[in-house]
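Participant: Take a look at the letters that make up each chain.
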Amino acid sequence: MKRVWLSCFFASGIAMAASPPELAAGYAAEAARQSPGFQPSARRGAEFYARRFAVSEKMPACAACHTDSPLQAGRHAVTGKAIRPLAPRAETARFTDPAKVEKWFRRNCSEVLGRACSAAEKADFILFATEAK
Amino acid sequence: MRTARLIACAALALSLPARADRLPVPADAPPAFKAECASCHLPYPPALLTAADWQQVMAKLDKHYGGSAVLDEKTRREIEDFLVRHAATRSRMAGAGDPPRLTRSEWFLHEHRKLPDRTWRDARVSSASNCSACHTRAEQGSYREREIVVPGFGKWKD
Chain A
1 MKRVWLSCFF ASGIAMAASP PELAAGYAAE AARQSPGFQP SARRGAEFYA
51 RRFAVSEKMP ACAACHTDSP LQAGRHAVTG KAIRPLAPRA ETARFTDPAK
101 VEKWFRRNCS EVLGRACSAA EKADFILFAT EAK
Chain B
1001 MRTARLIACA ALALSLPARA DRLPVPADAP PAFKAECASC HLPYPPALLT
1051 AADWQQVMAK LDKHYGGSAV LDEKTRREIE DFLVRHAATR SRMAGAGDPP
1101 RLTRSEWFLH EHRKLPDRTW RDARVSSASN CSACHTRAEQ GSYREREIVV
1151 PGFGKWKD
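Here the protein sequences come in this chain order: A and B.
Per the working numbering, the first sequence runs over residues 1 to 133.
Per the working numbering, the second sequence runs over residues 1001 to 1158.
A hint or two may mislead.
What the hints assert, rightly or not - Below, simulated SDA-like cross-link-like pairs (lysine to any residue); rule was C-alpha separation at most 20 angstroms, straight line:
id	chain 1	residue 1	chain 2	residue 2
1	A	K103	B	V1070
2	B	K1034	A	D97
3	B	K1157	B	T1119
4	A	K103	B	A1032
5	B	K1063	A	C109
6	B	K1034	B	E1073
7	A	K81	B	H1041
8	A	K81	B	A1123
9	B	K1114	B	V1070
10	B	K1114	B	M1093
11	A	K81	B	R1121
12	B	K1074	B	A1032
13	A	K100	A	P21
14	B	K1155	B	V1125
15	A	K81	B	S1068
16	B	K1034	A	R84
17	A	K103	B	H1041
18	A	K58	B	S1068
19	A	K81	B	I1148
20	B	K1157	B	F1108
21	A	K58	B	G1067
22	A	K81	A	A93
23	B	K1074	B	A1029
24	A	K58	B	A1128
25	A	K133	A	A93
26	B	K1034	B	L1023
27	B	K1060	A	R106
28	A	K103	A	S19
29	B	K1034	A	K58
30	B	K1155	B	L1115
31	B	K1063	A	A77
32	B	K1060	B	S1039
Hints listed in this document are in silico derivations from the structure and should not be mistaken for laboratory results.
Input sequences plus hints: build the corresponding full structure.
Facilitator: See the structure below:
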């Protein structure tokens, strides 16, 4: 039943508002379809957040712009522009707009990893950012 | 004698550039302009590039100065129309590069000619495109001289 509800949620509305746990659950359900038994992990999310992929010289890691902690304000590594924290605890609007979240995963993952992020990576990432304190 | 001086003054006034220290985002900006074009950097004033330049910038969002700023076609078109509507007409505002940069126009280089070279290399500036590193109220579209603080140099006094 939960799965049906979640797929409705994903199919029904890009523009729909959601809560961070709902968004993470949506990605987790997608990941579980690809590898049954998948459980999101904040620890894996933390590793992913800090990992230096080093595909791009100026944007080696997510942390290059978002700093070592999602609770802190960041700074765009190329333009210098200030970026508000990613953690919903510090910035309540985070992970509530599915279209916005998808857009930035698409951009930042291709920049930093040189490929799209998987649903599993996204679920871990959101869980980590949401639990950060 | 008096008329000659008047004519000289009028000619001087005409040769001076228009006041360019207030460059707020025009009021008819679509919401997407701020949401999309002010997320990675401040919203660049449309009046600082020509229409042809903006068309090139907007045609190459997939190769946006080394990154990607791709948009859906409807939003892309809406933003392009807005930028073109407010674009500069003078040729000294034409950008250079691919896509064109406003920080390479004749106008920009002239306005900033008095800055020592090392200031552009200061880590806090990192790029000429980082207007707010020196123009403390650039985010609000204000470039007034008394608001300028250059890193490693201090308050700007012409």
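Participant: Need the list of violated hint numbers for this structure, in ascending order.
Facilitator: The structure breaks hints 9 and 29; every other hint is satisfied.
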